[in-house]
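Student: Taking UniProt numbering, I'd label the letters of the sequence shown as residues 1 to 278.
Simulated from the structure, these hints should not be mistaken for laboratory data. The reader is advised that the hints may include incorrect statements.
Lysine-lysine pairs mimicking DSS-like chemistry, simulated, CA-CA at most 30 angstroms apart [unchecked claim]:
(1) Lys95 - Lys23
(2) Lys73 - Lys23
(3) Lys168 - Lys144
(4) Lys95 - Lys123
(5) Lys95 - Lys62
(6) Lys95 - Lys27
(7) Lys110 - Lys62
(8) Lys110 - Lys123
(9) Lys144 - Lys110
(10) Lys110 - Lys95
(11) Lys123 - Lys73
(12) Lys27 - Lys73
(13) Lys144 - Lys62
(14) Lys123 - Lys144
(15) Lys168 - Lys73
(16) Lys73 - Lys62
Derived Cβ-Cβ restraints for the label pairs, each shown as a range [what the hints assert, rightly or not]:
(17) Trp188 - Leu134: 42 to 52 angstroms
(18) Ala78 - Val148: 20 to 30 angstroms
(19) Asp209 - Cys75: 35 to 45 angstroms
(20) Ser163 - Ser45: 32 to 42 angstroms
(21) Lys62 - Asn181: 24 to 34 angstroms
(22) Ala53 - Ala140: 23 to 33 angstroms
(23) Leu134 - Asp54: 43 to 53 angstroms
(24) Tyr47 - Asn186: 40 to 50 angstroms
(25) Ala167 - Cys4: 54 to 64 angstroms
(26) Val119 - Trp188: 24 to 34 angstroms
(27) Leu84 - Ile51: 36 to 46 angstroms
(28) Val105 - Ala78: 25 to 35 angstroms
(29) Asp54 - Ile215: 49 to 59 angstroms
Source: prediction; values computed, not measured. Even glycine gets a Cβ: it sits at the ideal position worked out from N, Cα and C.
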Amino acid sequence: MGFCDSWVRRIMDCLSSVSFAFKITGKISGSVIPSRGLRQGDPISPYLFLIVADAFSTLLSKAASENRIHGVKICNGAPRISHLFFANDSILFSKTSVGECSIIVDIISKYERASGQSVNLDKLDVIFSKESLLHSVLQARYFKHSSVLEAFRGHDPSYLWRSIWGAKSLQLDGLTWRGGNGINVNVWMDDWLPGSSIPPVPMNGQTVDPDMRVIDLLDAECGEWGSMAVNEVFYRRHIVDDELCRYCGVEVESIIHVLFQCPLVREMWENSSYASIA
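When you get a sec, could you build the whole thing from the sequences and use the hints?
Tutor: Dropping the structure here:
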């Protein structure tokens with residue numbers, strides 16, 4: 001690791017000269033010289049750990065500065081983070097590529113050879129994409145069985161989740177589904193119709209399947225709209241029709257036509273107490 005011989009000898013003298021006594025029934029007795037390194041809780045242990053951990057950190061930082069690995073940024077303008085060290089855990093960040101993963105494996109191997117420590121593979125987890133760690137934590141706490149858009153605020157949420165949840169209504173106002181295969185798009189609940197900011201609404205008294213998905217309106221063989229399904233769901237329920245007035249069938253159903261020009265409406269105006277105004 002680059003330490004001079006005299007410094008290494010001094011550290012080894014500290015490790016080899018230590019001895020332990022035992023307090024039994026109030027009396028100090030015995031003397032044991034350890035042969036397998038320091039005991040847990042020895043005052044010098046954290047200092048030695050910091051020395052080797054700093055060397056590990058330096059290897060990772062050097063690889064990041066040379067653009068051999070790329071960390072993550074929490075927002076635009078923020079510095080990239082290649083690693084985080086905790087008391088008993090370490091988190092390493094890189095792109096999900098074979099090249100960068102190989103570089104990290106090589107750094108870990110160098111660290112193991114230099115320090116004598118080994119990675120505990122039973123406690124090793126690999127998570128892909130920079131968002132998945134945060135997403136996994138939030139999902140486990142707040143929307144384990146639903147999507148983030150369907151999640152509730154929950155009891156005593158964190159500041160981060162309160163901020164995300166508070167902005168959800170604003171996001172929903174501007175979000176529109178792209179049909180795709182339609183498997184996740186609810187016909188009656190989701191905003192998915194082009195040119196419309198609200199989902200279709202069935203007429204009063206009509207019985208519909210509240211869990212119907214857009215995929216149910218597609219032809220499974222060709223992936224196009226199924227004419228029979230669309231006609232059954234929309235046209236027969238008068239949810240979608242052509243542009244002509246549904247009563248006279250002559251002119252386009254504009255607001256002016258509906259209120260004043262349709263023959264049926266004009267007849268209603270003429271027979272009302274507002275005939276002179278109309």
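Student: Please go over all the hints and tell whether each is borne out by the structure.
Tutor: Consistency of the hints with the structure:
1. Lys95 - Lys23: 53 angstroms, violated
2. Lys73 - Lys23: Between Lys73 and Lys23 the Cα gap is close to 53 angstroms, so the pair fails against 30 angstroms, i.e. violated.
3. Lys168 - Lys144: Distance of about 17 angstroms is within 30 angstroms: holds.
4. Lys95 - Lys123: 21 angstroms, holds
5. Lys95 - Lys62: 16 angstroms, holds
6. Lys95 - Lys27: With Cα atoms ~59 angstroms apart, Lys95 and Lys27 exceed 30 angstroms; violated.
7. Lys110 - Lys62: 14 angstroms, holds
8. Lys110 - Lys123: 20 angstroms, holds
9. Lys144 - Lys110: Judged against 30 angstroms, a Cα distance of about 39 angstroms means the pair is violated.
10. Lys110 - Lys95: Status holds; Cα separation ~21 angstroms.
11. Lys123 - Lys73: 25 angstroms, holds
12. Lys27 - Lys73: Measuring from Cα to Cα gives roughly 57 angstroms; hence the hint is violated.
13. Lys144 - Lys62: Since the Cα atoms of Lys144 and Lys62 sit roughly 39 angstroms apart, the hinted pair is violated (cutoff 30 angstroms).
14. Lys123 - Lys144: 23 angstroms, holds
15. Lys168 - Lys73: 23 angstroms, holds
16. Lys73 - Lys62: 18 angstroms, holds
17. Trp188 - Leu134: 42 to 52 angstroms: Hint violated: Cβ distance 32 angstroms, outside 42 to 52 angstroms.
18. Ala78 - Val148: 20 to 30 angstroms: Because 22 angstroms falls inside the window, the suggested range holds.
19. Asp209 - Cys75: 35 to 45 angstroms: For Cys75 against Asp209, whose Cβ atoms are near 43 angstroms apart, the range 35 to 45 angstroms holds.
20. Ser163 - Ser45: 32 to 42 angstroms: 40 angstroms, holds
21. Lys62 - Asn181: 24 to 34 angstroms: 46 angstroms, violated
22. Ala53 - Ala140: 23 to 33 angstroms: Taking Cβ atoms as reference, Ala53 and Ala140 lie about 29 angstroms apart, which means the hint holds.
23. Leu134 - Asp54: 43 to 53 angstroms: Once the Cβ atoms are compared, 27 angstroms apart, the range 43 to 53 angstroms for Asp54 and Leu134 is violated.
24. Tyr47 - Asn186: 40 to 50 angstroms: Violated, since Tyr47 and Asn186 (Cβ atoms, about 59 angstroms apart) do not stay within the stated range.
25. Ala167 - Cys4: 54 to 64 angstroms: 56 angstroms, holds
26. Val119 - Trp188: 24 to 34 angstroms: 52 angstroms, violated
27. Leu84 - Ile51: 36 to 46 angstroms: For Ile51 against Leu84, whose Cβ atoms are near 19 angstroms apart, the range 36 to 46 angstroms is violated.
28. Val105 - Ala78: 25 to 35 angstroms: Because 27 angstroms falls inside the window, the suggested range holds.
29. Asp54 - Ile215: 49 to 59 angstroms: Since Asp54 and Ile215 have Cβ atoms about 55 angstroms apart, the given range 49 to 59 angstroms holds.
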